[in-house]
Each structure stands twice: as structure tokens, then as C-alpha cells.
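Chemist: Residues per chain, in single letters:
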Amino acid sequence: MTSLFRFYTFAAPSRFYALATRSVPWLYALAMMSALIALYVGLLLAPTDVTQGDAYRIIYIHVPAAWMSMVLYLALAGWSVVGWATNAKLAYALSRAIAPTGAAFTVLALWTGALWGKPTWGTWWVWDARLTSELILLFLYLGYLAMVEGADDRQRGERAGALLALVGVVNIPIIYFSVRWWNTLHQGATISMTAAPKMANTMLQGMLLMTVAFWAYAFAVIFARTSRLILEREADSSWVRAFVQSREER
Amino acid sequence: MTFSRGRNTLFSGLHFSVQPGQAIWLQGKNGQGKTSVLKLAMRLMQPDAGVIRWGSAFDDGGAPTYIGHLNGQSVDLTVLESLTFSARMHSVRVSVEAVAMALKRTSLYAHRNRLVHSLSQGERRRLALTRLLLNKSALWVLDEPLDALDTASTVLVMRLIEEQVDTGGAVLMSSHIPFHMPNLQVLSLTSPTAS
Amino acid sequence: MSFARFQAIVARDLLSFRRNPARSLFPLAFFLIACSLFPLGVGAETNTLRQIAPGVIWVSALLSVVSSLNTIYLNDYIDGSLEQMCIGQRFPIDVVFAKTVVHWLLNGCALLLGAPLIGLMFGMRLHSIEIMSLALLLGTPVLSMFGSLGAALTLGYRSSHVLQLLVILPLCIPVLIFGAGAVSAVDAGLSAQAYLSLLGALFLFSLVTTPIASAAALRSSS
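Protein chains in written order, with this note's numbering: chain Y, 1 to 250; chain H, 1 to 195; chain G, 1 to 222.
Everything labelled a hint here was simulated from the structure, so no lab data went into it.
Note that the coordinates shown come from a computational prediction; the quantities given were computed from them, not determined experimentally.
One should not assume that every hint holds.
[As the list claims (entries may be wrong)] Quick look at which bits of chain G chain Y covers, simulated, 3 or more residues with Cβ under 8 Å: (1) 108 to 119; (2) 161 to 167; (3) 171 to 184; (4) 199 to 210; (5) 214 to 220.
Just so it is clear, CB atoms sit at the ideal spot from N, CA and C, and this is done for glycine as well.
If we strip away everything but chain Y, and leave its shape as in the complex, we get (with noise of 0.2 Å):
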């Protein structure tokens, strides 16, 4: 039960903006410090690939970037949820603030993507299932992107956007259901890119660790997003009044 308390003190915008800008630092050196290492493996440790040869190596930042750009996308329609029941403001500006990193992670899985392509098959892009669905996901993430940065009142713009973000969770499924089927009749490409290179240990280690970079970078980015988001809208209140002040007098 003392968690569930403590969980809810960071609900007030004060008490999340403490915790928010004191982890950042630390997330950043975790996330620097993941990367180096999950490169070190990925680029020397994992063996070269039998079919793909070293080309198949952007698969370490390729899947990851990948993973977050759907669990992110997962976490922003979670949050919105959770800004609809409780009308709470700072569930509006986590899933604001996750939008530009989501889109940001799913532009760098499709640049990748497009970078895999090239050496190994030969073209800039391929229609496959996986592919085509990120690039609906970017549609996505750009769509709410839009609604919020776009409204001019801004309590209107997360409200439509949340929404937004449900109704495009909910579709998700269906459109990725759609484009695999639609992906097995147009038979184009016998390229998919689901025909990875089959994982050895050290391969998934590496991912797994680029996961983790990805993950702590993003928190950091994320919570420094929000800690800017939450300045901006309780700029009026005596927590902040004094924050500045304090800072003033340094």
C-alpha cells in the first residue's frame, strides 16, 4: 500500500519535476554507457553472418529502434488512458512528451531498415509487412503530433490527441493484420526482413543491450521533455515562482 502512496506523491507536478530533472544525468551516463558496450559486441564480438556478411551488423540499432517505437507508442496511448479517467495533467504532458521520441525512434528504424536493404538486396526500400507497418506508425505518431502541437487551446489538443492515441492503439492490430495479408498477395518481394539471420547468443546480447541504451535514453529524453512541459504550464504557480527565483539568486 506505501507504494501505491508513494507512487501517487508523484503525481504533483512539483514532486515529478524533482525526480525528473535529478535522474536525468544518470540516465544519460547509463544510456552512453549501454550503447558503448552494446556496440563493443555488436560490431566485434557477434560473428559475421553467413548469408549477409557484415552489412547484416545495423540490425543492432535496426531492431531496437524497432521495439521503442512500438512500446513507446504503447506507453503514450497508456498514458492518455490514464489523462482521460483522472483528468491528470501530468499524464498529458508524459504522452506529449513521448510522441516526438516515438516518431523519432520509428524514423530511425525505417532509415535503417532502408540501410539493410541496400547493401543485401539491393534496393532503397522494400514493401514488406514489417516495414510498411512502421511507416504507418510514423503516419500515426505524426497524426498526434499534429492534433496537439496544432490546437489552440492547449487542454483541447491533449484531450483530442489521447483520443487520438487510443483509437490508434485499438487499430493497430488490425492494420498490421491487414498489411501481412495484404504483403502474402502482392508477392513482389520473397524479401522480408523476417528472414533474419538466425540469432546466436552473442547477437541477442547485443540487441538486448541496445534495447536497454535505447530504453535509458529515452527515459532521459522523455523526462527531460516533461520537466520542460510541466515548467511551461504551471509557470504560474508558487512552486515554480520560487524554483525561478532560487535559481535567480545563484
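Let chain Y serve as the given structure and place chains H and G on it in line with the hints.
Modeler: Okay, now just chains H and G, sitting in the frame of chain Y:
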């Protein structure tokens, strides 16, 4: 209740009730939130904190009649069609005679088959007021009811409001034009915290 | 949520349409023009056209339905009647249903008339045109329902037209895939039953989920 628009808290701790036979005049300068109070009362918007309760008169699913800044009527309909639509939306049965009588009171009977599109601003406002007569709601919520009206219409509105109060109904309204009526209560929003 | 109110709103909107029918032909005209652009861009080789026909018709249908979404709520929002219709309800579902049905009647249905024409112009076989019409019959209501959601979410936004496209198109992709797929299957000699069933499932899914979301969006936009 507490309500804010953007960064500004328009008011907080606002608390009042409208009883049958009461008329409340909401006062305040422009931008202080009079329209917001009326919209909150109509439950068209949610307050940041606080509760709006409608009395037992509306338990059967009826609602107060609201006339906001916008007249709330489609311009493609005729006067008659507009009124019957509004009555149906409020789940009120109106007879042809009742509609005719209401139109005669607001001097729109001659225009009953004209499209709202072709009416003047004042006439459209009078059409909105005709809705008050037809819907027979227990509570009227009016935002600047005297706006864009000529003297004769202004007198008519005041008389309608008096009648509503006399017959046990209630009126909640905002107006920057002075209003004179016996037993008129004034609620002022001149400071962010109103009692 | 009452049928009487639903009826009243539908009757009123159809009355508006009767008074100004020309306005409602724009989506059909757009559809026809958009379809005709493809042969001009791609070349009029018969086989190519027959192959791309289902895709072209569906994409143009999508764009045409989405570009007419402003008419669902915007006019009523501007003159205040939307506000009036939503009074007293936590979730104005009857308003959403009424508006969506009218939008489909005036837009989706119009497409059902124009699509066979385009099909003939693109050299589609009669059986393919039949299946396509059936697929459109099942799919265009779904487009209207998602469109209604997008329109409710973006009500009152500046440059809402483009925003609506951005928001709605990803959600409509499954309809596009199954709808065009149905016709392609028939062209290839296979049965379109699976696709039509999937379209039917999509129809039911959107029928159950989108109205309440649109109602919530309408509420938060007033």
C-alpha cells in the same frame, strides 16, 4: 467550481444555485468568464474542479433552454422548421397552434415560411427567443439576451423573463445592458474568487 | 440517445441537402476527376489500367470521402446548432450517428453510382465491377465512421482539412487493403469471400467503437 482558460484561472470557488422563481443576473467585465459560467451551467463544458447539478425538474431527460452568443439555428431551414426541430431535440411536443401563438408574440408570424438565411440579425435573435416560449423549460440560461435587439424587442424579452419567474421558472443570464426587474439577484465576477 | 432525436437530425440535414443539392455533388465530381488523372499520369495501356483499377478507385474514394468531412460538423459548429444538439447528454451518440449516416448517404452512396462508370472506363470486367460495388457498399460506411471521428477530433482547428487527412488516412488503410484486395482476387479468378467477410467485420468493429469515441471528441471540442 473552478475554471481556467489557457493559463488564466478565470474564477475559483464559485458557488451558487438557481431556485424556481429566481432570476440571476451575472455581471462582470468582458473576458471574466460570464459565458464560461453559463456554458458550465449547461454542462457544455467541464469545470477544472467542482460539480454542476441540475434539479429534479430535469430528471426525465429534459434540459434547460440555452441561448448563447450564437443563435444556434441552421440557416437552411425555415422559421417553422427551425422551431419544430428545436422542440423535437428537447423532446417537447408542440401543436401547430402553440407554434403560431409563440411566433405571434415575437412578431415573427408573418415570416414563418421564410428561410432563416433571409432574416436580419434582430429577427434571428427573436427566433431564438421564440424557442424559450415553445420549449417551456424550467430554467432559461441566456447569454446577453438583449444584444442586437431594438427597443420593442428588449421590452418583450424583459416581459418574457418576468413571466418565466412569475410562473415558477428560473432564469440565469448575463448582460452588460442594465436590467431592471423586481427580485433580480446579481452575481458578480469582478474578482477571480467570487462568493 | 433517442431514436426520435436521431430521426429529427437526419430529417433536418436531408432537408438542408434538398435545398442546396449542388453542394453535395462535389465529392462525386472530385472522385471522377481523381480517377481520370491516373490514366493521364500512368498511360492508357489496357492491361495496366485494368490492373490498377481497383486501387485507383479505392484511393480516389478514400480521398473523396475524407475531403468532404468538413461538412459533417463544421457548419453546425459555426452557427451554434451543434451546441444545441449536444445539450444534456454526456455522450451525444445520436448526433454522431445521425451525422455519419447523412454523410454516408450523400457521399458514399454517390460513389456507388460513379464507381461502376469508372470501372468501365478502366476496362474492368462486369463481375469485377459487381464485387467492387459490394466492397464499396461495405467499406464506405467504415470510411464515413472513421471520418466522422476525425472530423469530431479536429473540429475548430485551423487548417483542419489537412489535419483530418493526416489523422484519418492511416486508420482507413485496412479498408483500402481489403476493398481493393477483393477485386484483385476476383480478377485473379479467386473468391472474394474472405475479403468481403473482413470488410463486414471492419464495419461491425467501427460501428461499435467509433461512435462513442466521436461523441467524446465532440464533447471535448465545445
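Chemist: So, for every hint listed, does it hold in this structure?
Modeler: Comparing the hints with the structure gives:
no., hint, in the structure
1, 108 to 119, "violated (count 0)"
2, 161 to 167, "holds (count 3)"
3, 171 to 184, "holds (count 7)"
4, 199 to 210, "holds (count 4)"
5, 214 to 220, "holds (count 3)"
In summary, the structure is inconsistent with hint 1 from the numbered list given earlier, while agreeing with all the others.
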